[in-house]
Amino acid sequence: MYLIYTESKMQEMAGAGMSGLNYRAKSKNRLGEEISLKEHSSDVAKYASEYAELMGMKKEAFVSGLFHDFGKFAKWFGDVLDGLGAGVDHAIPGAVVTYRRCPDYIPTVIAAHHSELRALSKLRAYGLLDIDYSGLTPDGKTVSMQPDEYAAAVKACLEYFGPVNLNLTKKIDLDVFCRMMRCRMLLSCLVDADWSVSAYEDARDLACLSEGGVLSVESSTQSLVSLRAEASKRPCSSQARDLRNRVWDDCTVAGRSDARLMSLTAPTGAGKTFGFLRFALERCKHDVTRKRIVLVLPFLSLTDQVFNIASAIIPGTICDTSTAEYSEQNRELASRWNAPCIVTTAVQFFGSVCSARPADVRKLHRLSDAVVIFDEMQSLPDHLLKTALQAVCVLVRDYNMTAVMSTATPPVYSNVLPDCSPTEIIQDVPGCFALAPAEHIELLPGELEISQVAGMAAGYENCCVITNMKRHALEVYRYWVDAGLENVFLLSTDLCPVHRQQVIKAIDELQKAGEPVHVSATQCIEAGVDLDFGQIFRAAAPLPSLIQSAGRQNRARRRPRGTMFVFVPARQTSGRGRNYPDGSYEKSAGIALDIAMRGMDLSSREALAAYYDTRFLSDLTKPKLRAALDAEDYHEFMQESRLIKSGGRQVVVPTAGYEELYNQALGAALDGGATRKLLAETAKISVQSYSVDDIERNCVELVIGNKYAGAERHTGVYVLLDNCRSCYHVDIGLQWDNDGDMFML
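Just so you know, the numbering used here puts 727 at position 718 of the sequence shown, and the rest follows in order with no gaps.
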């Protein structure tokens, strides 16, 4: 017999105590109370169905919540709760009992709520959905319920809840991508409900079940208007001011429309950040189902700047990144995206959207009542862009999300994904670009030695050279230092995040004072860094990167249109002679060079269109990612869709103003007493390095727990030893004897 429920039954169960056997869901809580299976399952079903309502999966979520712990009806599961057993999987029985009577994604999700998502076909292949299965699960656990226990468990379940027909549709015709997304979204509702209810049951703290701060549209709009008015006092040309007003006005109007997939196309320096925040607040006012704003940024270096703006406007804003610092309360809110505004990265966002793990997908149901802004989404790696666009379109179409893709270098999205055609927010895109003509981009002839470029750049007072490789940036920096130039800086990922911010602040203050400045940088300066150079030299790169770099030249448009120079570094015949971080980057840079060779102005919109037409002439999705999708392999899809696949390791370094944190990390590494909280705090003074031998020679690993007591977890995060401090330099960051040719996004 299968148990399913009407909505009236759901409401009845949510509040009414019902007689039945005393099956337990958990061990005693902090107050010494036992948590009954009846109470726990009913509450999880209630909250899961509430989370799923806007996505149209309320009934499915209710059933998933009700049966997720069906395996705890097993006779001996009480021994597990009493600490007399371990290695037991109580999720599989719930999948078994729903398998033949529910849509496929319900047993899939129930089976995954303590492990990770596996396709129903895999569960069948393992034999896990057979009622008489008696082997181990793929995680090496024993199924909690024996074959002869199911009948008694169903009887007990009947005594608890009673049978009522819900009429769930058994078969829903979805393609593989949509089916996988449906499982993730339903799992999100189940896991968030399960974990939140469990946290409440442990301490009877209602805050575990409450929503985060409420978005106050009116007061946040007033704060945004005031902040923008203050920012507009900075010197800029009348054309730049007119451009920003156009973007602001168009975003205001578009926010009052009903379109849910939109694009915001405007040149660098057009005030897009203020514009998309205006759009988001107007949309939340216009559509009362919008409860939160999610800002998805392409680079980690942008998050602090945008978070400072958003948090000044919207109280309760949460930053969900690998380097964010949290109180215990905010850590929980960040893990659930339970806040009125979330600032995160594309790595975090798409890592969750494509994940197979419960902890990652827990937050996803919050997208159903959100306005999500994607900044420079086309900067994603070519092989992932189609997958990312497909995910956004499905979330908008099927799960009630509102999305805006904001960019200064727009591709034709339908060239990447035929069905992706967002509505444009800016009413006169060509007119906006005419108000802020980009700097002319000129390709210098031939191949140039890095020293030649550094010598040319030395002749300008306020100049930046941007290279693709860290070793090139270091070579330019050292050339200038040897030449005796004043105010010389290096900006690369060899500097830890807080060190980079300190350097950017120093450069900004010198520029404002009219002092000469020479900056050698990698791509980390391309986006979100509000510096204004008189002249830029840029190593050959993909065209959007060139345009972003040109946006750092004459940024405030207070000077006549100038020219950014692009150079091709000379190839080295020996040693590590790469000029590009990888083959895909080199191929895209080659497209831009070919366009320049044809005589087109690289700063023109026509050149950008030609670039994207060539770049997306074919599907660039990697075969392994396509194969994982075709096989409905959640784990492989998660692995292959990662934005950053790095063999590097994080090294905690001594940094000015953060000596206490460094010393704390070093002490914890030496005695094996690191904590997750400390690990998160050290991210801001950490540098990624690929030199494994140097790391092992000069560093000690942070280990969670006490290694001497045998309870340890290796983190892959290392701390520079005290007697090796000289490896981290105040001007050029982390330098091993043979490092400097690595690249990190």
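Incorrect hints may appear among the rest.
Said to hold, decoys possible - Calculated pairs, BS3-like style, for lysine-lysine (alpha carbon to alpha carbon, straight line, at most 25 Å): (1) Lys37 / Lys131; (2) Lys242 / Lys633; (3) Lys131 / Lys633; (4) Lys242 / Lys514.
These aren't lab readings, by the way, just hints derived from the structure by calculation. Because the structure is a prediction, the values reported are computed rather than measured.
Against the structure, the hints come out as follows:
Taking the CA atoms of Lys37 and Lys131, the gap is about 35 Å. The hint is violated against a cut of 25 Å. Taking the CA atoms of Lys242 and Lys633, the gap is about 51 Å. The hint is violated against a cut of 25 Å. Using a Cα cut-off of 25 Å, the hinted pair Lys131 and Lys633 holds, with the two alpha carbons roughly 18 Å apart. A distance of roughly 19 Å separates the Cα atoms of Lys242 and Lys514; the hinted pair therefore holds under the 25 Å criterion.
Hints 1, 2 from the list above are not met by this structure, while the remaining hints are.
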